[in-house]
Amino acid sequence: MVKLSINGQEVEVKEGQTILEAANSIGIEIPTLCYHKALSPYGACRLCVVEINHNGNIMYHTSCQFPVMEGIEVQTNTERVLKGRKIMVELMLARCPESEKIQELAEQFGVKETRFKKKDEDCILCGLCARICQERMGVGTIDFINRGIERDIKPPFETHSEICRVCGACASVCPTGARTLELKELSLREPNPILSEFNEGLAKRHPIYIPFPQSVPKIPVIDREKCIHFLLDECETCSIFCEAEAIKYDQEDEIIELDIGAIVVASGFDSFDPTAETKYGYGEFPNVITGMEFERLVSASGPTEGHIEVNGKEPTNIVFIQCVGSRDKDGNEYCSRVCCMYTAKQAHMVRDKFPDSELTIYFTDVRAFGKGFEEFYNRVQGENIIYLRRELDDTIQVVQNGNGVVVKAEGHPDIEADLVVLATGLIPREDSKELAQTLNINLSADGFFLEAHPKLRPVDTFTDGIFLAGSCQSPKDIPDTVAQASSAASRVCNILSQKELEIEATIAYVDETLCRACGFCVDACPYQAIELVRIQYLGHTTDVARVNEALCKGCGTCAAACLNGAIRQLGYTDGQILTIIKAFGEN
Amino acid sequence: MDEFEPNIIGFLCNWCSYAGADLAGTSRIQYPTNIKIIRVMCSGRIEPVFILESLKKGADGVLISGCHFGECHYKSGNYKANRRIKLLKKYLKEMGVDPNRVRFEFVSASEGHRFADVVREFVEELKKIGPISLQITP
Amino acid sequence: MTEVIRFQILEDIQSKGQEILYPDKPRIAISMATCGLAAGAGKIYEVIKKEVKDQNLDWIITETGCIGFCQIEPLLYFHFPGKPKLFYGNLTEKKARELIKALAAGDIKQDWILWKIEDEESIINEEKYHLGKNENLKDVPLYKDYPFFAKQLKIALRNCGFIDPNSIDEYVARGGYSSFYKVINNLKSHEVIEEVKKSGLRGRGGAGFPTGLKWEMCSKEDSPIKYIICNADEGDPGAYMDRSILEGDPHSILEGMLIGAYAIGSNEGIIYVRAEYPIAIEKLRNAIKQAEGFGLLGKNILDTGFNFNIKIVKGAGAFVCGEETALIASLEGRPVDPRMRPPFPSHSGLWGKPTNINNVETWANIPPIIARGSDWYSSLGTEKSKGTKVFSLVGKIQNTGLVEVPMGISLREIIYDIGGGILEEKKFKAIQTGGPSGGCLPEDSINLPVDYDSLSEAGSIMGSGGMIVLDEDTCIVDLAKFFLGFTREESCGTCNSCREGLDASYDILNRITEGKAEISDLDLLEELSHVIIDFSLCGLGKTAPNPVLTTLRYFKDEYIAHIEEKKCPAKVCRALIHYTIIPDKCTGCGICFKLCPEEAITGKTKEPHFINSEKCIKCGICLDSCRFDAISISSGDL
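Residue numbers (my numbering), protein chains in the order written: chain L, 1 to 587; chain F, 1001 to 1138; chain D, 2001 to 2638.
So here's chain L without its partners, still in its complex pose (with noise of 0.2 Å):
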């Protein structure tokens, strides 16, 4: 441990730090610019430098670079050194005046205008794109090339590097924001942002993220197809920041088992992906999206921050089209509910945003049943709203336009919009099937999970104990799923509340005076729940089969195996069968 002095204030601290680490350790802070708690310091922006007294002898160093020594004296805001920083922001805001992040930097530290002559760059030469690319994404693609005046960073030979992997790590880092402007400079590969799945791909993610604010929990995961550490065992920055400690890349994947009484599936849908119709143009013009993306659009916490733009400017002429991948006579039939209601709204949201715009809505027929809904519906058309009716059937394509579409509907005039809306509709999630096999639950002919009577057992399944709650079942409004999960709940409860089980009636009985332990009532039972056992019965020693009551689901198909007849399933015995073959035969 190395003991000395900040600001007067006594510290303790490893061998080896920083003053600068020091320094933070105790709450001191020194301004900095070019370092960065993943990298190796670099001293370029001399921001951080202080006075540091050595056995009396004044120094001024970065104090990210110098280390801690025995008994040293550091002064991290003298006249002189706060005069220093400023020069040197005075510096950086006349080597990049227009860049926005040095200005507010000089702001910061109370500088308005520069007294150097002006040029016109966009990099400090702080060396942070080049140190992250060598250091932690180990590629190394760029770096500081001559000297002076004439210092800049590029790749070798100045041209588009072949190793550079266009993984954007250096514009992360760049404090002026040029890096993102030069990143076609290095590569001639394609960059492929990582988008954001939450916000439907209209911003991008880190690989390491926070799914969505509201997720629960609310820890960041980490994209193992995307993570540089992952991929190519570098980089291991975010573990470097993460104070806590809480970043361990050995973290597998786990089965956790536990005992439960009952299952809630409330799995949710995915939304209808119209790409593969093309006549909506979907995915073909950017000015073609859907309902959702609309959604993160018009969000206040979306990537826009609520601003609707598109091409970046503001729509002027809204088409909503309904009914996309709903009432499909030849794909999905069934109607999606919530389409109706939320393009009404989205209309309602957009006439507030922009009061003098366009606003046209094909539908075929408005089902605004819930409570309220008629009215509110009636409110959205006397907003200057056009409703235009079309036939399911009628066709409809959307074309290119110059910078817009025109929207062609059969039986209306030609509309020319900057911005299309699909109303699409609500899907069974990719994975239902696989989750209905491993549940033991059923599928209903559209995809979505069957309940075990439609009018009766509207929240059962077939499998006792597990319940359907939500748009897993079919498409629902949040009103309607919250009812369905209420009442999941409640039947839930139902079960937990019970001190004894009561399990199926029908299982399986051994007579075991006709049993003659053959045992293939042992392999034909899929619970197990038949063993052989040996009895002592009329004073000779016999196996026999013997059925776990608690473990016997009652299928029967043990007895459809016994040989001599001496298994039976309770209420389904060999003589009840047969007595109703027999009525049934005679006709």
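Quick caveat, the hints were computed from the structure, so don't treat them as lab data. Don't take each hint at face value.
The calculated DSS-like cross-link candidates involving lysine-lysine, where the alpha carbons are at most 30 Å apart (straight line), are [to be verified]:
no., chain 1, residue 1, chain 2, residue 2
1, L, Lys119, D, Lys2516
2, D, Lys2016, D, Lys2144
3, D, Lys2016, D, Lys2133
4, L, Lys118, D, Lys2299
5, L, Lys313, L, Lys345
6, F, Lys1090, L, Lys582
7, L, Lys3, D, Lys2144
8, F, Lys1127, L, Lys433
9, L, Lys37, D, Lys2542
10, D, Lys2144, D, Lys2101
11, L, Lys119, L, Lys154
12, D, Lys2299, D, Lys2353
13, D, Lys2144, L, Lys119
With beta-carbon atoms standing in for the labels, derived distance ranges [claimed, not checked]:
no., chain 1, residue 1, chain 2, residue 2, range
14, D, Lys2556, L, Asn53, 49 to 59 Å
15, D, Val2313, L, Thr304, 29 to 39 Å
16, L, Gly110, D, Ser2456, 12 to 22 Å
17, D, His2530, L, Gly110, 16 to 26 Å
18, D, Phe2344, L, Leu82, 22 to 32 Å
19, L, Ser25, D, Asp2375, 50 to 60 Å
Not the full set, but computed from the structure, chain D residues with beta-carbon under 10 Å of chain L [to be verified]:
no., residue
20, Val2336
21, Ser2491
22, Glu2500
23, Phe2535
Small disclaimer: the values here were computed from a predicted structure and weren't measured. Ideal placement from N, C-alpha and C gives every residue a C-beta, glycine not left out.
Keeping the supplied structure of chain L fixed, place chains F and D upon it in accordance with the hints.
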């Protein structure tokens, strides 16, 4: 003369086919009334004896319907039924009984339509095969 | 091999060398270092060879290094056995041919002789070699009395201009390698370090760090691999003392490094030399080969078990490579960015191993210190600056060249006694010491003793030993701008303060020379300069503002004249000067009229001409071409 109306006994598993038949009913789907349904918990419960007995007792056809493969409520009962019925059909042929009088189908709980279709088809087929006669005529 | 035998070998070489150095037949040695070659020594060497051959003379023709008096190159000495050595300078091919003819005929061309040597001294072994006397040459000054050399004391430059740099024998003849023999046979490594420490030798590269202390730090490091580096990346413009030693006496560096390696415990030596010194590299290569041939380099040196190899690495000539850590970065193949110390190279240098770096002149000083002892060395110089220092004396001075003087000598003695005063009897204005990052000292500091501390007190530095003498025709602002222009390009560019700060300073200076600055800019310039010094990492940034600060300190009036009166007192800054023709002197010859590239001069033949100041680009062609001194330059008073 009245048209021959075959008498069908159907063994339906509780979880898929019986529910499918129930759905056909609640959905008001029309299908022939020739079938009389015996509910079992699983198609794996069905012993060949039941089928033979049905034919013997006067059924013109026997329909066994279970879950689709992989969807059996009891994991594997429908596989066992499938094996037994295939063997039985070979045996029926030797006995001089048209194996087509026994039909094994998969109908899931959501397939009310399919259940109706299966019954309709089976009735049509049995009409072509004609009535069964296992009694030894004096 | 016993110690006795080892010494016997050295003595054998020594006597053989003396036979070559002082042969029993006439010997001519031509100074063929870079300065000599630039003056035409190469051609003269060919001419003399041919002439000697044509006349069938059994003479030895050889080359030697630079004796320091570059002004009078090409230079040669002629030595007839038993007679004094005679030096002839300012040779031309014609003059050389004539000289050989005369010498062959027994005429020594007494008028041409610059100086003579009757007794040649070796600083190492204090031996005097009596060459001979010639009573007829009483009027010819002795070398030691010749003004340029009289106040010099040559320790680092001891052999330059006296021996053939290609010959290890001649080096040994003048006491070479005897110090290393002494060290390896008689001294323990700590004793060597103690001796160097006691000598008070300080690094001659610029910073003046005590050499012995540096060695001690490195020797205490526990590492199987240690590196010894000779910094021969002489980057100061106008400084060439290192080159002169490398070209004139390469073995002195090898011997110094050998002693250092023994003291520190290193087996690997590297000479980092700039690629712009091809002759130096050639001489070094040759010297290393010879030393290896004699078992002085390589494995198991002199059978003592001591191993030491030296390799040469060529640098691409960046000024900043003179900085230790930048030099190491360059050796490792990285961009030449200096880094933070600690860790010091003595702890973690090249490839992370303990490394000791000294510059050429420092290494060359080591053998005499060992041979003559620390007491002798520390008796030279001042209290805190011991020994001698080589300066390259250039600028507006009569005698330019390399001078090695004891520390503490006054600037006046250097400028007037050695340098012979200012050219064309103009007024001495200032002297710039320490290269581009040194300072500019005014006339009233002429009695300043030249040592590390006095110079630094006056705001300048010793640096590597550049000395530029300026006369009244030098604009001080323009000079500061020149040096800033150099350092802003040679800065590595890492520190914001140095890269952008020097560029901003340059811009202000430029505006001053263009008459576009305001008086407040001077305060800004001074403020900025102090911040650059505080906030920059390495020596370059910490000294680069020195030219600005010293000139602001001593010549502020001149800055103010530029700004307030728009006047350049030295009439240098183009934007502030005007060319006019004095009608009384102009004869109307028309030469300027014809030569003016901008057609700015008009006038009728045989009548006074005029310069159109709007067209004039101030190129100065008219001034140079006028034979009647009719062109005058004025500034500020138009």
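Taking the hints in turn, this is what the structure says about them:
With a C-alpha separation of about 18 Å, the suggested pairing of Lys119 of chain L with Lys2516 of chain D holds against the 30 Å cut-off. Among the hinted pairs, Lys2016 of chain D with Lys2144 of chain D is consistent with the structure: their alpha-carbon atoms are about 27 Å apart, no more than 30 Å. For the given pair, Lys2016 of chain D sits about 24 Å from Lys2133 of chain D by alpha-carbon distance, which is consistent with the 30 Å threshold. Restraint check for Lys118 of chain L and Lys2299 of chain D: the C-alpha separation of about 59 Å exceeds 30 Å, so the hint is violated.
Taking the CA atoms of Lys313 of chain L and Lys345 of chain L, the gap is near 22 Å; set against the 30 Å cutoff, the hint holds. A distance of roughly 24 Å separates the Cα atoms of Lys1090 of chain F and Lys582 of chain L; the hinted pair therefore holds under the 30 Å criterion. The straight-line distance between the Cα atoms of Lys3 of chain L and Lys2144 of chain D is roughly 59 Å, outside the 30 Å bound, and the hint therefore fails. With a CA separation close to 38 Å, the supplied pair Lys1127 of chain F and Lys433 of chain L exceeds the 30 Å bound.
This hinted pair checks out: Lys37 of chain L and Lys2542 of chain D have alpha carbons roughly 28 Å apart, not beyond 30 Å. Of the pairs offered as hints, the one joining Lys2144 of chain D and Lys2101 of chain D holds, with about 28 Å between alpha carbons and a cut-off of 30 Å not exceeded. The straight-line distance between the Cα atoms of Lys119 of chain L and Lys154 of chain L is roughly 19 Å, inside the 30 Å bound, and the hint therefore holds. Note on Lys2299 of chain D and Lys2353 of chain D: the hinted pairing holds, with a Cα-Cα distance of about 21 Å set against a maximum of 30 Å.
Pair hint Lys2144 of chain D plus Lys119 of chain L does not hold up; C-alpha atoms about 58 Å apart against a cutoff of 30 Å. For the hinted restraint 49 to 59 Å between Lys2556 of chain D and Asn53 of chain L, the CB-CB distance of approximately 32 Å leaves it violated. Between Val2313 of chain D and Thr304 of chain L the Cβ separation comes to about 57 Å, which falls outside the hinted range of 29 to 39 Å. In this structure the hint that Gly110 of chain L and Ser2456 of chain D lie 12 to 22 Å apart at CB is violated, the actual value being about 35 Å.
Range check, His2530 of chain D to Gly110 of chain L: about 20 Å between beta-carbon atoms, so the 16 to 26 Å window is met. Distance hint for Phe2344 of chain D and Leu82 of chain L: a CB-CB separation of about 30 Å, consistent with the stated range 22 to 32 Å. Here the CB-CB span from Ser25 of chain L to Asp2375 of chain D is close to 52 Å, well matched to the stated 50 to 60 Å. Interface hint at Val2336 of chain D: satisfied, since its Cβ lies 7 Å from the closest Cβ of chain L, which is below the 10 Å cut-off.
A hinted interface residue such as Ser2491 of chain D counts as satisfied when its beta carbon comes closer than 10 Å to some beta carbon of chain L; here the least separation is about 4 Å, so the hint holds. Because the beta carbon of Glu2500 of chain D sits about 4 Å from the nearest beta carbon in chain L, less than 10 Å, this interface hint is met. Among the interface hints, the one on Phe2535 of chain D holds; its C-beta lies about 5 Å from the nearest C-beta in chain L, closer than the 10 Å criterion.
In summary, the structure is inconsistent with hints 4, 7, 8, 13, 14, 15 and 16 from the numbered list given earlier, while agreeing with the others.
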